[in-house]
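Once you have looked at the hints, place chain B on chain A.
Protein chains: 2
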Amino acid sequence: MARRMVIIGGGAAGIGAAGAAKAAAPSAEVIVYTAFEDVGYSPCGIPYVHGKEIPDFTSLFLAEKQAYADAGIDVRYETTVLGFDPESRTVQVEGEGPSGYDALIIATGFDYKPPGVPGEDLGGLYYVKNIRRAMEWDKILDNVRHAVVVEASPLGLEMVTALAHRGIDTHVIDPHPWALGELCDPDIVAPVQESWAEMGVTTHWDTRLLGFTGDREGHVRTVATTDGELPAELVVVATHKVANNALAVAAGLRTGSTGGLVVDDHMRTSAPHVWAAGDVCEIPHGVGGLPLQGLTGSHAYAQGKVAGTNAAGGERAYQPVYVPWGMVAGTWMIGGAALGEVAATALGVPHVVGKATGISRARYFPGVRPVTVKLLAEPRTLRLIGAQMVGGEGIKERADFLALAVRKGITLHDLASMENVYSPPIGALNEPIVTAAQAGVST
Amino acid sequence: MARRMVIIGGGAAGIGAAGAAKAAAPSAEVIVYTAFEDVGYSPCGIPYVHGKEIPDFTSLFLAEKQAYADAGIDVRYETTVLGFDPESRTVQVEGEGPSGYDALIIATGFDYKPPGVPGEDLGGLYYVKNIRRAMEWDKILDNVRHAVVVEASPLGLEMVTALAHRGIDTHVIDPHPWALGELCDPDIVAPVQESWAEMGVTTHWDTRLLGFTGDREGHVRTVATTDGELPAELVVVATHKVANNALAVAAGLRTGSTGGLVVDDHMRTSAPHVWAAGDVCEIPHGVGGLPLQGLTGSHAYAQGKVAGTNAAGGERAYQPVYVPWGMVAGTWMIGGAALGEVAATALGVPHVVGKATGISRARYFPGVRPVTVKLLAEPRTLRLIGAQMVGGEGIKERADFLALAVRKGITLHDLASMENVYSPPIGALNEPIVTAAQAGVST
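Here the protein sequences line up with chains A and B, keeping their order. Using the numbering used here, the first residue of the first sequence is number 1151, and each one after it goes up by one. Using the numbering used here, the first residue of the second sequence is number 1151, and each one after it goes up by one.
The following block holds chain A by itself, in its conformation from the complex:
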């Protein structure tokens, strides 16, 4: 008899889980419930369509709906799951009776933390998430002259750049003293902030949101902040992502300090026959074990594959995370892996720092840009515990590498004696990682 597997959520985690479950158990019945009209598109691309770097929304779709049906994945669109019961192994779907499952995967993702200020219900507040809503918002953007982005989070950074590209007068407010305050060190993000100023963006640091005021039609007109009142016909709410855990909490599943579901290394939740993946979970950090929630689509997809494989009777483990990250911000790329200096200090993790600024190509090759690398290491052993970078090119590949280097116990000595490609159009005589490591070794 075919195994019946139910997945709640059609994002990267849910779709990853569905594909892996079908691969591990081809005869299984795999059902994906989603409240939305679509699955299998890239929400991460939305800011770039708004910024007119990607020509249209349709290119964000990975596959036609028929492709999922052809793969034997039964996606139930615009269908709300009201709850589930691990005891009776049933899900309760709106407008249907309860239906049974052999294995359940929770992939309900995240919500933006509500601003919690007066005026939250006004029109003109944009929470970037669903592609159909994004298509509607994109038309509205043509008539927006003033916008405020609430919080310089990763999404906030992408949207600031997109709105500036679009010629909109853009302000960003954030309670931290610099952008990406929880993730990034101030020296790394400083060039990004300078480039925003050059792009005409106004930044307000150490600034809290107080409320929104609207016009008679109930549409936002101003944003009240501790740095004064800002005009805005559009507010992008890019607050912290929190786990969309309501269904799981109601079913009695265990959550951790972040609000994310606690899972083991096989993505099993505290309830039998229930797995979870993606932003609804928390995952231990590889350095120190602190739980993390709200990682990337790549993490969600990989976790989905682990959960789907195991739920289908296969065997696959998920590792603690070292979180390589990277993005384009202003006119720069920034990124890193594991701990930055601010995080290490806040967590009381002892560390030494090696920092250097190099270049991305031969110094005389057109397009050459600076690349600043900061490496953090354990004091005596000089084992790498983290890195942060800002530069013109190659930040993604370096971040991937440095995250694995942390995981594998690579030291500043190893990096200081690393060979590097030297070819004028693509690499300079000295790799900035090597120079930073040499600086760290000699401190």
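Just to be clear, a hint being listed does not mean it is correct.
Copies of the same chain look alike in the list, so a pair counts if it fits in one copy or across any two.
As the list claims (entries may be wrong) - Here are the simulated DSS-like pairs of lysine-lysine, each with C-alpha atoms no more than 27 Å apart in a straight line:
| no. | residue 1 | residue 2 |
| --- | --- | --- |
| 1 | Lys1289 | Lys1279 |
| 2 | Lys1505 | Lys1558 |
| 3 | Lys1215 | Lys1558 |
| 4 | Lys1215 | Lys1289 |
| 5 | Lys1172 | Lys1505 |
| 6 | Lys1202 | Lys1172 |
| 7 | Lys1263 | Lys1279 |
| 8 | Lys1505 | Lys1279 |
In short, the hints are calculated from the structure, not lab data. From a predicted model like this one, the values you see are computed outputs, not experimental measurements.
For chain B alone, coordinates are given in the frame of chain A:
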């Protein structure tokens, strides 16, 4: 009394050695002899000036001559060293008497292997090396209609692309069945060869050079090959680089199977008080220990620093090499680290292969290009022993990383579970290294 240190050669190795020697022993007298008019420029940039990607030759200079004088480095330009004697610790300089040294560093670099065919002494044969000659050749290129590049070596590839950019009808001949035959696997270089065809370059594989014929003025007019006679007013001789070891051999220093000087891990030669660095040496490969000669400017510079430090009384070791390499070729970037499939097979090194083609950015982001990664690993342990890649972006950074991964014993399992940055403009959902490793694990 100040220590007297003599360096023969003003390329990357010699200049690296001079700077490191001054850093390790600031009071030392540091003398650099060079037969040429200049030091401290980047010969690696020459093909890109010829290709008009870099606007002028002057930008290739790193520093004014005064900068070396200010740093206490005494460069003797256009000065030929006739010999040296380790016994009496003297160098013999043309037009001067013998002069003593406390430490000697041989950094005499490479020569192109002579073609060894009739017509070698004709005009119009260009050996890319010296910047003053390159400036003269660059003017000649304006009037060249037909060019032949002898051997699809790394320099040959750069020159083919440069000549094609310049609108010159370019043919390349090579005795191997594909380009970079000694370095690169045929599946990796295939897209490069296709892109050359699109650029109008004509390739002749499995083709040996037979000779050159000239006009009455002694200038080359045709190139005779086993694939017929090719018209050419210019021939770029990009044959294998061989160690310029004549002085060292005359002084009785030991050379290895490549013709490079044998050095220990402190860059000491077989003679007391004599060190060597750069293309005149051979260095053991990290996988299998086979000696390698003719590496990159980055290797030469790093070896120079090790030799200079040790010769000045400091302490610094040089590691076996894993040779990350990379370049722009045709419309692609290619690169790799340690062993490719052809080399591993030729050396009888048992291996498994994991290969995958991914993409450099989100599939919908403008500028996205394929990235093919091939990983080689030891059969049972799955320890990485090499990699080869071709793609649109990020090849240099991946090659650096994979060379260190080979050195540190990282396995396909490690790479298969590696996290990666996902951000539409700079990184795809799945890193091609990870996908290739997953393919290798499951074979």
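- Message: Please list, smallest to largest, the hint numbers that this structure does not respect.
- Response: 3, 6 and 8
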